[in-house]
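Make a model of the complete structure from these sequences and hints.
Chain by chain, the residues:
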Amino acid sequence: MSFDRRKRVLLGVLALLAPIPLPFNEIVGWPSILVFSLAVALFLRRSLVGQPRPLPSWAMNLLALVYVPFMLLDFSLFWQGRVLRPLLHLALFTLAVKLFGLKREKDKWHVFLLTFFVFLAAMGTSVHPTVVLYMLTFLVLSLLLMARFAAFHMLSSQGLAGVQTEIPLSRFLVIGTLLTLVIAVPLFALLPRLGRPYLVGPGGGAGGTMQRPQFLEQIGMDVIGRTRSSRAVAMRLEYETPSPRGHEMRFRAAVYNEFRGDGWARGKVRTQRLARQLDGFFHVAEGQSRAWLEIWLEPVASVGLVLPVEAVTVDIATPTMHLDDGGLTHLQIRRPDTVRYRVGLSPSAELQLSSGLPPPLPLDEAGRMNGGERIAALAAEVAGTGEPVEMAGRIQGFLMREYTYSLDLMGIRSDSPVEDFLFDWRRGHCEYFASSMVLMLRAVGVPARLVTGYLGGEYNPFEDYYVVRQSNAHAWVEVLLPDRGWTTFDPTPPSGLPVSAKLGWSLLASQAYDYLLFRWDRYVLTFGFYDQLGIARRLAVFWSRLWEGGDREKEQAPRHDVVAAEEESKSHRQRPDSSWRPDAVQMLPLALVVVLGAWWTWRHRPAFTGTRAYRQLRTRLEKDPRLALTSSVPPLELAARIARQRPVAFASADRLIELYLQESFGGRELSDEERLELKQVLREALRSLTRREADR
Amino acid sequence: MALRKTVPEGIRITKVGLWFIILTVLVAVPAANTGNNALYLVEATMLSLLVVSGVISRQNLRRLEIEFDPPLEVYANEPFDIGFELRNRGRLWPRWLLVLAGTEQTKSVLVPFLPRRSAFAGNLELTATRRGVLRLEHAHLASIFPLGLFRKGMRYRVDLDLLVYPEIRSSVEFRQRSLGGVGEEPARRIGVGPELHSLRAFRLGDDRRGIHWKQTARTGELVYMEREAETGERLSIVLDNAVGELDSDSRKEAFELLVSEAATAAHYYLERDYEVELVTRNEVVGFGRGRGHRRRVLEALALVPAVALRPYPLTGSDPATPALTLDMKERGA
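So the protein lines, in turn, are chains B and Z.
Under the numbering used here, the residue at position 214 of the first sequence is numbered 214, and the numbers go up by one with no gaps.
Under the numbering used here, the residue at position 81 of the second sequence is numbered 81, and the numbers go up by one with no gaps.
Not one of these hints is a red herring.
So, partial list: chain B residues that the calculated Cβ filter (under 8 Å) puts toward chain Z: (1) M146; (2) H153; (3) I167.
Just so you know, these hints were derived from the structure itself, not from any lab.
All of these numbers come straight from a predicted model, not from anything done at the bench.
Cβ atoms here follow ideal geometry from the backbone N, Cα and C, with glycine treated the same way.
Shown next, in the form of structure tokens:
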């Protein structure tokens, strides 16, 4: 294949590859990509078959004219705030036309630039780790293309443009790619990150669309049920210290006060601005933090921060926070990417009210009767009389015993879903159970509210953290008890509680994948200024350790001595029996590299030559004083000495020397059979010499 | 004359490299503004490519050996091919797109690919602009490998000295000049040749093949043929290089022209098997013929300097031999 044709094919392949992530990121639609890909495929076919004639200028101009109305329509979207889509459509169209109009060397560079622009748009809007593979492929192909451009430039400057010259580039590609990646990693970490954008524009995040949060101001009766069908990660947790006793990994995402017949609403909520206390944290409840938990919250969850029910303090890099009387915290600005924060937990499993907040609003008559008379009657019958905690316990037990958990009611429309659940269906998902308990408690005069969030999580052995998925979404009840404040009750039967998948290879695979996603999220997508500060701090600690020993280390230890506590607590954490599987999976890539390296080395091992065999024989014989070998003794003289002093080994040694001389001076390489014979005679000669010495 | 020290010639940025740097800066702007880490990835990769390109281009020019095989005769203003062998001493890494030149101004040779531990043989075309010692101190190697972003050069020390003979003018041009029949008379000496010089009585020791049988039959006595020397022509080329100081370009040019004429004359007559002698103020190359003598004459002419004026004229060693005298006075210089 000529140089020129090779470059065309490479350009075509790059153009085909560049826009692949765009439809996945919902930047450009699939039809546009399909049309573009077909055009490029046609170009590739023409290039592979022969030297295609380029489109004449008038044809290119005509195509541009035809595209103008589409472009105007597209750009009308510009005013709706969607900038990238029309620009990319224009770029893809121009790229396709330019490919067919390739004539001069300059045109090829134009195509490369356009392809690069599309690649940049695809990278900038991707959040998935597979974008690394995409970037790697683009890198390798670009290296190949640029090297070919350079070669063609050199050949044409010497007047050899038409000459077909084979220039192997595989070694350069491998080493060049590896070197590029090795240097790019520290550069990525060190490139300066600004605190805020310095140009007009919101900026922020790694692109991609934000998923619809599940815990909004208002929800229907199916929201939690639908949420649980997804295995997407909602958040990741890492316990810095042993979790408090009774901690069941229950996280509050939203609190609903108003029942509206077919759903819940947050209702009137009072908020209070929180300020950092002297210890530097935001206090969301009374109590002292005895345990610490680090949370990475995906941008899918809630209106506010998702906090454990035992949360008392929050450590987050934000200037202000607000707390509502539902106990939910809100950030001033919600960024569409992972939020990271630390939460202090109290030893008690009950939520405490912060002393600064006003008491909850009393329920009015409408609220009390919201559930209807039938529900009120049932509530009175089940709850009986007594303390609110006893009444709540009875209602909870009743619902757990008498009703069945089921997701079959998803999508069923009803005017009074809770009544239907309690009296007709007698089965449903957690929202029905929780809603029923709230309405029944209110009917008997006990303040209660619906809480949605997450329950449970699965341990990921690769990274020693817990993953909470959307499938862990759950709804429960909080009851206001006179002496204990808002207390958690969960009327959902145990069979309906979110459970982690059973340990097995498929779970391990999904955890390995999640580990990858977590690492990607943690160290690439959300890598920022504070991470760079962290690296600098660690380097400073390392440096001071190097020079001054351990004293400085103690001075610079984190506030809560988390590191030391973490070391101590590792043995205390509750971990499922993960066995050897995670370690095996982690060792797999390394084992693969070792095996591949060994195979490559074996494939490229130097051939066994007569010279090598002769050298081995000489090395062995030099130790024999009777032969008196010096470096000047030629091969035939050596054979003669062996015949005199070591007649047992003479036959094999003589044949070895003959093969050596044949290879070195005979003008031809040894055949495969001769090499085998060479190995054999060498072995025999060495064995004879060894045996002779043993006999002596 | 193999590898000695290498001297880096620095890096020049190409047009492609300039565009690449501009693009890198352009990518940095939205990356920094948006804080988009995917764009930072691209930016880091582009910066890394710049570094890798520099490292690989430097490595591409290292561990090479150049050996030259100069031609026997080199003339001024006449392109000549100098053979070279370029060897790659690297154990792991081949070399790509190497451009070899004798000097930066001369034609270059491209070596597209040089596998590891292998050699490439070729010819480099050079032209010496003046006679004398041409010192090739360095051979220039350059490459734009790997990505064409930078042109990296390296000078390999060669220390090759070539003796450049004076320019040989066209023989037609030379014949047209009047030499007054210089050297065209035969020497008329007895020797070996096809022409008969004289007849005499056969003497003991004479070659029996030289007997003139016809004359012997006529006279009844053995008659021996004495032949005339085949190359009886002789010429002294007298180059008066006592021209004083060459204080202007025109005088320098005139002197070089003079030397060139002497060389052309020597070349012309030696080719016609004349016995030629070269006489200058510094040196006398005695009569001789053949290739070896030609080289001696041309070597002397290659190195003949201009010396101070002398009052006495310069003549050939044999007054009987015709002489071609070349001096600046004749030319009014």
